[in-house]
Amino acid sequence: MSYSAFQTGVTDWLFQCFGHKISSDKLERADRLIEEALELVQAVGYPEERVKALLQYVYSRPMGEPRQEVGGVMVTLAAFCWSYGIDLDEAAQTELARIWTKIDAIRAKQAAKPTGSALPIGPQPDRNQLYFCLPCTWYAADVDGCAYAADEIFVDGAGTRFCSGCAKEYRGGTRHMRKLSSILSCAEPHLNAGITLPEGGAA
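full-length UniProt numbering numbers the first residue of the sequence shown as 1 and each following residue consecutively.
Keep in mind that the hints are not guaranteed to be accurate.
Stated by the list, open to error - With a Cα cut of at most 27 Å, we get these calculated DSS-like pairs of lysine-lysine:
| # | residue 1 | residue 2 |
| --- | --- | --- |
| 1 | Lys26 | Lys52 |
| 2 | Lys113 | Lys102 |
| 3 | Lys21 | Lys109 |
| 4 | Lys21 | Lys102 |
| 5 | Lys113 | Lys52 |
| 6 | Lys21 | Lys113 |
| 7 | Lys26 | Lys113 |
What the hints assert, rightly or not - Now the in silico label distances, taken between C-beta atoms and shown as ranges:
| # | residue 1 | residue 2 | range |
| --- | --- | --- | --- |
| 8 | Tyr59 | Glu95 | 25 to 31 Å |
| 9 | Arg29 | Ala78 | 19 to 25 Å |
| 10 | Ile103 | Val75 | 30 to 36 Å |
| 11 | Pro47 | Gln68 | 26 to 32 Å |
| 12 | Leu54 | Leu88 | 29 to 35 Å |
| 13 | Ser83 | Thr8 | 25 to 31 Å |
| 14 | His20 | Ser83 | 19 to 25 Å |
| 15 | Gln110 | Gly72 | 24 to 30 Å |
| 16 | Arg61 | Phe15 | 32 to 38 Å |
| 17 | Leu119 | Glu49 | 29 to 35 Å |
| 18 | Val44 | Pro66 | 22 to 28 Å |
None of these hints come from the bench; they were simulated from the model.
In this text, a Cβ means the ideal position worked out from N, Cα and C, and glycines have one as well.
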């Protein structure tokens, strides 16, 4: 298939999946291009630190001309595929066929995307911070350094933190055993609203 025919096929899918407004959002299209490019190099083991170095390098230079840069992307992608033994045309056709079967799931993911964010998902709780959950007034912390802790922790109403594996740091209070994921799920709406406490803080 020619590049022109492939672009037409992608455009047909784009409008069918998202409609005109999202399909025409230039910032959104750029976000997804960056995301897919990063996923590609991640898939072949490209180091994160090199991405950061190249980001600083590119943005320290004058802006290029979009049409010329598109040509550069296409040439570089073709060369990349050759070096990794990937048939560019086959990979493109296979992916286009696949996403035609995933329209409902892709629409749902788009609907859950935070407004105005480059990220395809909402902010995720940091497992290494102490969180205050407003509805239940519990504190939760991920305890590192214990081989038995897994993803379970003890919490209590006074904000005492201790390890679920050995409980050596427990200093009194009402004990509760809960999965860390369930506590963070409970706290997440409040984290998104900016309600957090510093390490060792109190309500």
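Going through the hints against the structure:
Between Lys26 and Lys52 the alpha-carbon distance is near 23 Å, which keeps this suggested pair within the 27 Å criterion. For the proposed pair Lys113 and Lys102, the alpha carbon gap of about 17 Å is at most 27 Å, so the pair holds. Among the hinted pairs, Lys21 with Lys109 is consistent with the structure: their alpha-carbon atoms are about 16 Å apart, no more than 27 Å. Simply put, Lys21 and Lys102 have alpha-carbon atoms about 20 Å apart, close enough for the 27 Å limit, and the pair holds.
Distance check on the hinted pair: Lys113 and Lys52 sit about 24 Å apart at the alpha-carbon level, within 27 Å; holds. Taking the CA atoms of Lys21 and Lys113, the gap is near 15 Å; set against the 27 Å cutoff, the hint holds. For the suggested pair Lys26 and Lys113, the alpha carbons sit about 16 Å apart, so the restraint of at most 27 Å is met. Evaluation of the 25 to 31 Å hint for Tyr59 and Glu95 yields a pass: the beta carbon distance comes to about 29 Å.
In this structure the supplied range 19 to 25 Å holds for Arg29 paired with Ala78, their Cβ-Cβ distance being about 21 Å. For the pair Ile103 and Val75, the beta carbons lie near 31 Å from each other, so the given range of 30 to 36 Å is met. The hinted range of 26 to 32 Å is satisfied by Pro47 and Gln68, whose Cβ atoms lie roughly 28 Å apart. About 22 Å separates the C-beta atoms of Leu54 and Leu88, a value inconsistent with the hinted range of 29 to 35 Å.
A hinted range of 25 to 31 Å for the beta carbons of Ser83 and Thr8 is consistent with their spacing of about 29 Å. As the Cβ distance of His20 to Ser83 is approximately 38 Å, the hint placing it in 19 to 25 Å is violated. Checking the proposed 24 to 30 Å range against Gln110 and Gly72 shows it holds: the Cβ atoms sit about 29 Å from each other. As the Cβ distance of Arg61 to Phe15 is approximately 35 Å, the hint placing it in 32 to 38 Å holds.
Restraint check, Leu119 to Glu49: a C-beta distance of roughly 21 Å breaks the suggested window 29 to 35 Å. Roughly 26 Å separates the CB atoms of Val44 and Pro66, a value that falls within the hinted 22 to 28 Å.
In terms of the numbered hints stated before, the structure departs from hints 12, 14, 17, listed from lowest to highest.
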